[in-house]
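Chains as they are written, first to last, in the numbering used here: chain W, 1 to 235; chain E, 1001 to 1223.
Hints should not be assumed to be uniformly reliable.
[As the list claims (entries may be wrong)] Covered, in the sense of this in silico footprint (three residues per stretch, anywhere, with C-beta under 8 Å from a C-beta of chain E), are these stretches of chain W: (1) 70-80; (2) 90-97; (3) 109-117; (4) 120-127.
[What the hints assert, rightly or not] Label-pair restraints from in silico Cβ distances: (5) W:SER168 to E:ASP1023: 33 to 39 Å; (6) E:GLY1081 to W:THR220: 23 to 29 Å; (7) E:ARG1022 to W:ASP198: 44 to 50 Å; (8) W:THR47 to E:ASP1023: 44 to 50 Å; (9) E:PHE1171 to W:ASN57: 37 to 43 Å; (10) E:ASP1126 to W:ARG149: 43 to 49 Å; (11) E:VAL1030 to W:THR75: 42 to 48 Å; (12) E:GLU1163 to W:SER168: 37 to 43 Å; (13) E:VAL1030 to W:ALA225: 45 to 51 Å.
[Unchecked claim] Which chain W residues stay away from chain E? Per the calculated CB distances, all over 12 Å, these: (14) PRO34; (15) ASP104; (16) GLU130; (17) GLU137; (18) GLY154; (19) ARG156; (20) ALA164; (21) PRO169; (22) LEU173; (23) ASP182; (24) LEU192; (25) ALA199; (26) HIS208; (27) ARG216; (28) ASP218.
Keep in mind the hints are simulated off the structure, nothing from the lab. Where is the CB? At the ideal position from N, CA and C, for every residue including glycine.
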Amino acid sequence: MRPRRWRRGPFLRELREGALSAVELREVDKDYGPVRALDAVSLSVQTGTLVWLAGANGAGKSTLLRVLGSLTRPTRGFVTLFGVDPFSGGGASVRGRVGFLGQDASLYGELSIAENLRFCARLRGAGAAELERVAAELELAPVLDQRVRTLSQGYRRRAGLARALLGSPELLLLDEPWNGLDVESAERLTRLLVRLRDAGGSVIVAAHAASGPLPRFDRTLRLDAGRLHADGVAA
Amino acid sequence: MSGFSVARAVLAKDLLLDFRTRDRLGHMAVFALLVVALLSIVLPASRAERLAWSPALLWVVLLFTSVLGLSRSFQSETEGGALALLVQAPVDRGWVFLGKACANALALIGVELWAGVLFAVFLDVDWSAAWPAALGAGVLGALGLAALGTLLSAMSVAVRFREFLLPVLLFPLVLPVLVLASRITGEALAERAVPALWWAAFVLYDWVFALIGYFVFDYVLED
Chain W
1 MRPRRWRRGP
11 FLRELREGAL
21 SAVELREVDK
31 DYGPVRALDA
41 VSLSVQTGTL
51 VWLAGANGAG
61 KSTLLRVLGS
71 LTRPTRGFVT
81 LFGVDPFSGG
91 GASVRGRVGF
101 LGQDASLYGE
111 LSIAENLRFC
121 ARLRGAGAAE
131 LERVAAELEL
141 APVLDQRVRT
151 LSQGYRRRAG
161 LARALLGSPE
171 LLLLDEPWNG
181 LDVESAERLT
191 RLLVRLRDAG
201 GSVIVAAHAA
211 SGPLPRFDRT
221 LRLDAGRLHA
231 DGVAA
Chain E
1001 MSGFSVARAV
1011 LAKDLLLDFR
1021 TRDRLGHMAV
1031 FALLVVALLS
1041 IVLPASRAER
1051 LAWSPALLWV
1061 VLLFTSVLGL
1071 SRSFQSETEG
1081 GALALLVQAP
1091 VDRGWVFLGK
1101 ACANALALIG
1111 VELWAGVLFA
1121 VFLDVDWSAA
1131 WPAALGAGVL
1141 GALGLAALGT
1151 LLSAMSVAVR
1161 FREFLLPVLL
1171 FPLVLPVLVL
1181 ASRITGEALA
1191 ERAVPALWWA
1201 AFVLYDWVFA
1211 LIGYFVFDYV
1221 LED
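Chain E with its partners taken away, still in its complex shape (with noise of 0.2 Å):
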């Protein structure tokens, strides 16, 4: 079986599950939705001082939100004992880890997009312009955070305080995205160009996080 198909198949599966419970993807948005609404409460009134902070604050709420997430992405094989199928399958292990970490990118950038709607409605954020380059930093940030969240994750699966790990070893590992992310998000709102060298770094970056998940995944899951 070749590795895209392996990849395929857990992409799938994941999604299906994701469907079928709901549980991940609703948690997350209305957990954004709380957090977005407060923001709107606590934040001065002036326009121009929310659009300025509104970068910075966007992806803090989608760190937190993600990592909401990111916990419960293995749910599903350690409550069945389903995580052995994907041990002992016969397969490249890092295709599985490329499959989920797909899924979990698939899942943050819908949380984005929500997020990028809640933006608009509570904070008065516009996005007509701003909306291909905030895209690519979404898409770029929701690939990152998918690449190091879902190995941590599997890192963390038969730890005790899991919650709690996540986030710790997410948080420091992840600063670059969210320096990135942020900063083209708000050039991106300023009507600013992006440099190309942000770009680059940010595609470097997930590249290099989507490697290191690759061939360490193979030790990850084993006890």
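One chain only, chain W, in its complex shape (with noise of 0.2 Å):
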């Protein structure tokens, strides 16, 4: 077994002296079985960051967004998300202010878009107005009423972005999110993301280098084999 490096003093004694950030990641290990798929990740993200998580396939991008995004415990470490571990009892609340969409659009098929949508924004505690809102964002008006397993894979795509800004999240993770969109929708999003970033938010991406028309991100992070290997500001 690795010797393990953190200790936990340190980590606490600088969350108590306000150094928070939406996301500290300390020796992060998620094992699949025999496949560990993240290995000693460390990563923080200071709020108002956009960031690229880059890496091939199977490198560990999309683990790394479901243990931001409270989907999976990771085997070892510690991750909190402004300043909350979010595996913990208090994980409900930075729940909340945390958006996720994965490579599905984590939709009910047989609901329809607005269906979706309502039941989102219940769990969620976001109004109708910020519902109304969200779908003109996305420009989902055309198609709100109709049933999920119907649409294609854009609007799908577009549905699924909407359920995750639901919430007016302050960390949003994204996984391939230019995905089945077309030129004008992969714009628009490429537009909102960075405005999410100069609003304060985060954004951390996880994408190809050819998935579409990618900003102009603060950060790079490159996954090779589940390890971090570079971090750095984006060319």
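Given two chains presented individually in distinct reference frames, assemble the corresponding complex, making use of the accompanying hints.
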């Protein structure tokens, strides 16, 4: 077993001293049986940052996003979002500050987009006005009453994004968000991400370089076989 | 958002999905019809003998039928990745469990009523005097089956052989429900008073499994 390098004391002291960031990971491992999907990943993301999570297929990008989205508990290590452990008893409150869009739209195929968004809005404490604003922003009005399973991939992606934006999350986690979008929608999404960052939100996007019209990221994180290899400003 | 509101939202969503797709309820109803029709052929013709067998057979039919429905309880969540929507919601996940368990319990109560009609038609079971106690056993049985079945269904959601795993886990654990429900139904059909202790044990069992589900669901939903 590899020796651990983190110590809890200094980490908690930093938190007490107010060095809070949107995301803090310390020596996070995630194992799926014998496969190590994340290997000693340490990471800090400040608020108001647009981060590109790059890496080849199977590098661990989706797993890292799922850990940050409280969908997957890490095997070892510490995770805090806005200073709170999302897997602790207080995790519910911090999950409300995080929006997550995985590779699926995470919507019910037999419900219409409006029904899906209303259900999500109820769970996330968002009002009708916010629901309308998000639906308008992603130009979903023409298909609001259509069942999700009847929609094109692009509309499903936009509906999934609308779901993730409900509740005005301060941290947005997006896995290949440009997949299935036409050029116009992809550019609109890029502008939206920049606007969210400028408004003080943090956005972490897992994407391939050829995914779409990538914005100018503040940081690039490169994962390779579960290990974080590079951390720098995007060119 | 209060816990009740979360449970109510999940319950309303699941009922709407059941109404829209109809396949879960439809499959359970057809399965129950086929099994009871077969029983009416193979059981002895004597009404007294049929009556003696009916309570146990009714609950075995309901148990097998419920497995059919419970194994599809998370199908809508797994198909479009909607499970992430529930897991990531900023709510106490225990209330999500209670909402889903209530939806399953209502579906099972519907199937129980249908099975009651089938037993009356095919096996000549007379519910006229027995229905209050039988209905009580039905409601408590549905709650117990739904509490345990929802939890186990969530646990087996990512498993390859979930249709096999669910009954293997469910049947031994649900044995007290099966015994109590069939005994109470038998006493009711024989027009005898049901001991209060049986009711108390039934309520206690349901309560314990609802509580376990409420507290464990948080961990079950994560990978």
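Task: In rising order, the numbers of the hints this structure does not comply with - done: Hints 15, 19, 20, 21 and 22 contradicted; others consistent.
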